[in-house]
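Enquirer: One-letter residues, chain by chain:
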Amino acid sequence: MTQTDPGKTAEEKAQSRQETKQALKGFGRKKQNLIPILQKVQGRLGYLPREAMTEIAEYLNIPDIDVYGVVTFYNQFRLTPPGRHSVRVCLGTACHMKGGYITLDAWKRRLDINPGETTTDREFDMDTVACVGCCTKAPVTVVDNKPEGKVEPTRVDGILLAFEQEREVKDKEESESS
Amino acid sequence: MKAAERAAVADAFKEIKERAESRWRELWHNKPVIMVGTATCGRAAGALEVLQTFRDEVKKRNLDCPVIEVGCMGHCYAEPLVIISKPGYPPICYGYVNPVIAERLLKEFVLGDNPCPEFVIGALEENDIVPSFTDFPRAQYEQKIILKNCGHTDPTEIDHYIAGGGYSALAKALEMTPEDIVDEVKKSGLRGRGGAGFPAGLKWEYCRNTRGRPKYIICNADEGDPGAFMDRSILESDPHSVIEGMIIAGYATGARYGYIYVRAEYPLAVERTQIALTQAKKFRLLGNHILGSSFNFDIILFQGSGAFVCGEATAMAASIEGKPGTPRARPPRMTTEGLFGKPTVVNNVKTLAFVPPIIRNGAGWLKSTGTKESSGTAVFALAGKIVNTGLVEVPMGTTLRQIIYEVGSGIPGGKRFRAVQIGGPSGGCLPEPALDLPVDFDSLRDAGAMMGSGGMVVLDEDDCMVEIARYFLEFTQRESCGKCTFCRLGTKQMLEVLNDFTLGQGKIEDIDSLERLAEEVKAGSLCGLGQTAPNPILTTLRYFREEYEEHILMGRCPALMCRQLIAYYILPDKCERSCDACVGSCTVEAISANKKRIKVIDQEKCVKCGTCLAACPPQYNAVVKLSPPSEVPKK
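Protein sequences appear in the order of chains X and V. In case it helps, numbering that gives the first Met the number 0 puts the first sequence at residues 0 to 177. In case it helps, numbering that gives the first Met the number 0 puts the second sequence at residues 0 to 634.
Treat the hints with care, since some could be wrong.
What the hints assert, rightly or not - Counterexamples of contact, computed for chain V against chain X with all Cβ distances above 10 Å:
(1) GLU4
(2) ALA44
(3) ASP127
(4) ALA306
(5) VAL582
(6) ILE597
To be verified - Once the Cα atoms are required to be at most 30 Å apart in a straight line, the calculated DSSO-like pairs of lysine-lysine come out as:
(7) X:LYS107 with V:LYS491
(8) X:LYS149 with V:LYS147
(9) V:LYS30 with V:LYS59
(10) X:LYS29 with V:LYS491
(11) X:LYS145 with V:LYS59
(12) X:LYS149 with V:LYS624
(13) X:LYS30 with V:LYS280
By construction, these hints were calculated from the structure, which means they are not laboratory data. From the three backbone atoms N, C-alpha and C, an ideal C-beta is built for every residue, glycine too.
Make the full structure from the sequences, and use the hints.
Expert: Written out as structure tokens, the structure is:
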């Protein structure tokens, strides 16, 4: 199994193992529960670190590789920690024809990462999605689980600016309260 | 079923129905009702903010006016949609509503007597006050069967569904023998709406006649085709119709369990289906002893994890079993050896949604709509370059031209129609002459496309056919599960050839090898993904070959879409010196003004995003696309 998260301390690892154990409660030890379990664990941890996968394999009494095989087969599962905000650029047919690839370029340029990656400050993670079914609002980007319609390069800048302002306000409040 | 049991079912259902009807009457009794469409398409346009505005205002004024969430009416182009029903007026649908308009509607219509005709899309009934939907040209073609409830009832309220006749088909079915139900569905001519068009009744019969227990029904809601959103919309707007269809299918085939396999990308559909399942269980419409009969049936909601291939039945079964979703060779059919090795029926969401109306109205009723070989209606998701994007339901046999120009109101901006892409990555692009084809399973297949799940993306003169073929290949190549060599490597090779074309690096003989490879991938793949993956290439080659040749021989993209083959250029004689719109809009600061204040694009810096073209005021129209890029005049 590849190292999914090299810079992690033993303490953090123990914590994700603990979280995984919590999430496993209530699931039967049948292999058919593997995907629902992975979904739940990812829902809690935000991604599937190595410790979580070995924990799950042990629980279901299956080889580690079976868990890893399923995790890497499905697009939904991620092996790296997510950012605070998630950006999912829709590349469905309608979005593509209305310039979704141009929107993706704009996100890549602004965040300086490729699809599937997280920014170094862990603020944003970005990925593509095959279609979110909002084809009438193309091109669509799902930002923090909210589908945004008609996201063109200028709107990308607008969304990022809104986050930046939000953060500035928060920082200011924090410095004032401290 | 014994007479006593039949009477018990009838009594149990009567009680549920009476209660639902009285609650429904109470909702509408002598007061205005506001319905906000909050399906995903509505939410993307801001429906939740509108909903909140209505709720806040109603609360602030202490009004007796329920504000309820409904699903999608299909007029997605005008989202967010709101329907206001007020005693003395027909129910009126408003479009493009925002919080400010919402406040006005409440003040002027709900509290006053001004129905605000400026925001009206249409009334649901004919009247003398505002235009109604029946006056729309599309009303002549549309016939809603499975979308009937969508957008008019609250999907989280089982009573709304029951009051509208819901679950009466289940009560009726439980009084029939399973064989009679299978017969009825067979006679109705219902064909699978997942795309292949296999007769649903026949599938049920195979499963019924196979030994092995427990049997399973799987509802295929893994709507992976990019550009299709019918299943999402039905599950978000009317989940009970699918659940009822599944329970009837379970009874008819002798199944004990049902699975609804929903895509992970549809969180709202998952949420609303889960609510619906819980309610059905509470009303004893699901679970043990359904409506007091001896029939037991449970439904489990299973969330997919983002793999397109899982829409294939055998891959879906593997996925539910907790394995990577790779398809297997058939036979054995799913109806013989399916989920966990047991007889299994896999039906699409829409197929199952057709079951309750068939049982309620009889086989002949469905047969009376549509064509001889394809009965009933077809649901399409209209998207792309079309005015009325959204969902439409038309009888089978309606022509593509009627759907695009009458129902969809044609292409926006006076542009020329180029092609219509039907059936997603498995389908094909059909040109103008094919527009008079009637839409049914067989005619579309003959034309090289397929009904697929029903995505219909309209393309205009700005869309490049080579690029769209490349786009679909990129998709299928990524989603290929890797089991069959032809699919795994063949799609990759085809994609590389197409990539070369769009970069202007192709050779003319590549077209022939592409065609040959496409046929081989078709023949050498196990499942539908690989067998249909070459369709976008084959149809574009069949109908738009000259576009391929232009890319290769002249390095020119006639639709001005392929980015490596175009350049943006500002016409110096059209550029207005006092205007700086493009300079400000450019996302990479590639535009500057020269000494004469004429704007110039730095071709090295330009990322060809097209923002300047959109920003240039229409009275100047100075920004143009040129292909090949060498057309740009040198200084």
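Enquirer: For each hint, tell me whether it holds in the structure or not.
Expert: Quick rundown of the hints versus the structure:
Taking the minimum C-beta to C-beta distance to chain X, about 33 Å, the non-interface status of V:GLU4 holds against the 10 Å cut. Distance check on V:ALA44: its Cβ comes as close as 6 Å (rounded) to a Cβ of chain X, failing to clear the 10 Å threshold; non-interface status is violated. The beta carbon of V:ASP127 sits about 32 Å from the closest Cβ of chain X, which is more than 10 Å, so the claim that it is off the interface holds. At the 10 Å boundary, the C-beta of V:ALA306 falls inside the reach of chain X, the nearest C-beta of that chain being 5 Å off.
No Cβ of chain X comes within 10 Å of the Cβ of V:VAL582; the nearest lies about 13 Å off, and the non-interface call holds. Every CB of chain X lies more than 10 Å from the CB of V:ILE597, the least distance being 23 Å, so the non-interface label holds. About 24 Å separates the Cα atoms of X:LYS107 and V:LYS491, which keeps this hinted pair within 30 Å; it holds. For a cut-off of 30 Å, the pair hint linking X:LYS149 to V:LYS147 stands: about 29 Å separates their Cα positions.
Between V:LYS30 and V:LYS59, the direct Cα distance comes to roughly 17 Å. Compliance with the 30 Å bound is thereby established for this hinted pair. Distance hint between X:LYS29 and V:LYS491 is unfulfilled; the C-alpha atoms sit about 36 Å from each other, more than 30 Å. Distance restraint check for X:LYS145 and V:LYS59: the Cα-Cα separation of roughly 28 Å lies within the 30 Å cut-off, and the hinted pair is therefore satisfied. In summary, the hint linking X:LYS149 to V:LYS624 is supported, as the alpha carbons are separated by about 22 Å, within the 30 Å threshold.
Straight-line distance between C-alpha atoms of X:LYS30 and V:LYS280 comes to about 26 Å, which keeps the hinted pair within the 30 Å bound.
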